[in-house]
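2 protein chains.
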Amino acid sequence: MNYFEQHQQEYLEGLKTFLRIPSISTLSEHKPDIRRAAEFVRGELERAGLQNSELIEGDGNPLVYAEWLGAPGKPTLLLYGHYDVQPPDPLDEWVSPPFEPEVRNNNIYARGSADDKGQTYILVKAVEGLLKQHGKLPINVKFLVEGEEEVGGEHIEAYVASKPERIKADAAVICDTEMFGPELPTICVGLRGMVYGELHVQGANHDLHSGVYGGAAPNPLMAMAEILCALKGPDGRIRIPGFYDRVQPPSEKERQAWARLPFDEQEYKEKEVGASDLVGEPDVPLFERLWARPTLEVHGIRGGFIGEGAKTVIPARAVAKISTRLVADQNPAEATEQIRAAVKAACPKGVTAEFKPIHSAPPSLVNPNNRYIEAAAEAMKQVFGKETVYIRSGGSIPIVGLFDAHLGIPSVMMGFGLPDDNLHAPNEKLHLPNFYRGIEAVAKYLEILGEPV
Amino acid sequence: MNYFEQHQQEYLEGLKTFLRIPSISTLSEHKPDIRRAAEFVRGELERAGLQNSELIEGDGNPLVYAEWLGAPGKPTLLLYGHYDVQPPDPLDEWVSPPFEPEVRNNNIYARGSADDKGQTYILVKAVEGLLKQHGKLPINVKFLVEGEEEVGGEHIEAYVASKPERIKADAAVICDTEMFGPELPTICVGLRGMVYGELHVQGANHDLHSGVYGGAAPNPLMAMAEILCALKGPDGRIRIPGFYDRVQPPSEKERQAWARLPFDEQEYKEKEVGASDLVGEPDVPLFERLWARPTLEVHGIRGGFIGEGAKTVIPARAVAKISTRLVADQNPAEATEQIRAAVKAACPKGVTAEFKPIHSAPPSLVNPNNRYIEAAAEAMKQVFGKETVYIRSGGSIPIVGLFDAHLGIPSVMMGFGLPDDNLHAPNEKLHLPNFYRGIEAVAKYLEILGEPV
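Just so you know, the sequences run in chain order F and B.
First residue of the first sequence? That's 291 in this note's numbering, and the numbers climb one at a time after it.
First residue of the second sequence? That's 291 in this note's numbering, and the numbers climb one at a time after it.
Keep in mind that the hints were calculated from the coordinates and are not lab data.
You may find that some hints are simply not true.
For chains that are exact copies, the list does not tell them apart, and a pair is met inside one copy or across any two.
Stated by the list, open to error - In silico lysine to aspartate or glutamate, EDC-like type, Cα no more than 20 Å apart, as pairs: (1) 306 to 349; (2) 634 to 567; (3) 561 to 497.
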């Protein structure tokens, strides 16, 4: 039994303590819990043997920083995680209370177990284990743990953009993604970016009666439908001029690797998505549609009457929440302008239409042929006993783009969640074997990086 | 000064008493006021000299009935109005409180002044005036005043459908419409019908994250946009197969009469509608679009996220409130089936779509070349001193279809409201000269109908 195996019970108890803090960043009444969680992380880092720990205050929730820089000449890794969590509602669907962690069937159930307290704790315990065993680390590390990931808070963005010497590193490790399947070591090398915004359509200057005015008055909801259909075709293809111009297709090698992933599309359709059919661009394979093609989605449409019964109103205005996911080499600013122009061009007679962006994130794509990713793949392979697979994710992790843009460093997305971990949903869980082996894999990773090149 | 002119002050005071009763049928806490209003109408009818007055109880608010049948061999008119009113919100936009009637600038301001207490009172006072002056009426009359017009209540429908001997008549008079312009005597000879319902679109069996699933999962909101665009084209033309098959174009004579109506389309567009452009089928004149062509409108779309900020959800389902207005000779049952079939046919891959009707009303179109309408036009011409114009209305008054279907009698829509009376809105008003002359016009109408043919 190695050192890490001997300490599993202690890791589990420590994680439970972390998970009991309801550090929900979207709810302001949890501000004290946010601070408690930040203090907890700082305390853990100090006890692990890291130095210069600090809560970095700023406009938003504190960042937790700590470092160990005792390996001159060796690489420096920036280790990223977040201590804030999503709200737990709907509460009545939880089998055990969200902030009273419970182990069932080799999983630990609690809000934040996978996203991202459990994974943040993996980083802490890996470093701690090496320091406790050897009194030193094979490389240099800097921890940066934030508390606003779930609210898209801008404290970390402002901090990273200010390019402090303190967080200079050779690569970042993001421990906030998933394995492709149980026991299958996985590295995520690409993320989609996004442009999220509102589409505002204004018709008459007041609500009108559909009997009296129907046939003459513009209807912003109908105009919205027309604009949306102009932006995206029934074949799933985006019709915004120029939108695909910068899209880089995956390499043949990547396509072949995706085709080899253990995957049952029928089961995915029926069980994971739960729909009668999958949709999207014809002749584009599923993983390419999800990971390497931009999308456009409508999230909600406001305006008019949606209560019980009938109201014969032609509303004066309608607002749709829409977003596009971007892939390399699209960029959010250009995509925003393309959407804006397409909306203007598609605007029907009698109404005005405008796209108002809310936030955006660049796509990111890392070349897996670099030392930091290759070492991570090797470490995971050694610990999990299987060849590491490379995937991308359809979602967006803005911090990856920030590290790239401001620090010029690649991010290694080494994740230990599972696709059925119920992130953002009731009964979030973390598979305990992944938790324990994740700690070993990160420790192994640091050891490999510390070897002479 | 004639009898009616002598009693104007008394009519005004009586109307004020009626208007002070907040008989809001959509709000259950006003049930006692509904009954007070019904009793008030019955009391007025009794004092006017009508006989066999009664509150007809049933499933809903009471109907008020009274009759005078002392002119054997003469025609019998069924006089219709309603004593219930719309809610007054938003309250803070009223200049004087909605249930404290106030006269300003020759208008009486109060909820229900035009729709429909003032107009119902016109019918009562016309009959009262004739009875008080002559001790008898020139024809027979039956009053039927309901208390659920504003909620689409079914009490009157059930009662009329039961075809009671008691309400047999030669024609009905509906005093619940408008004059085309100030001082311009107007008879409405056509109404659009409607089919109102919900369009349900179901995608996956649970909400999904647009990053993780965008590109593969069906989006019911986008599917809704596609279905709506399949139902109605950007040119305002309905694309539902067969929808126009039964549509009867207006006669050349009617078209010419509409073209002669005093009307400024520019002013209508800018002031009444308040839009940059009017829309609808190209090459179809405005009044024909509003009165003689079917329409399809979206009233609201439910589903997904419409709060502040951003949520990247692909909702599992979406529901749109939609309605079509129907014109002669369309019928609601057939139109409903046509919509249902068109929705099914337009349903994109990955979702299911279903149209669920909520309620409907048949269109109605009266041939103006009948004795009852000609007499009404003549009476209004004599009292207002101008030729009566014939218009239609784009709205729906279900009772007209009911009288036609169940009693086989034409409805004479003789209205004294004005287009700017703010029906269903703050500061509802009735133009007092219309009120006083309306009473005289209805009395004159009864006299003309009483003349030997």
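Status of each hint after checking the structure:
1. 306 to 349: Answer is neither; intra-copy 29 Å and inter-copy 61 Å both fail.
2. 634 to 567: between (32 Å within a copy, 16 Å between copies)
3. 561 to 497: between (43 Å within a copy, 13 Å between copies)
In summary, the one numbered hint that this structure violates is 1.
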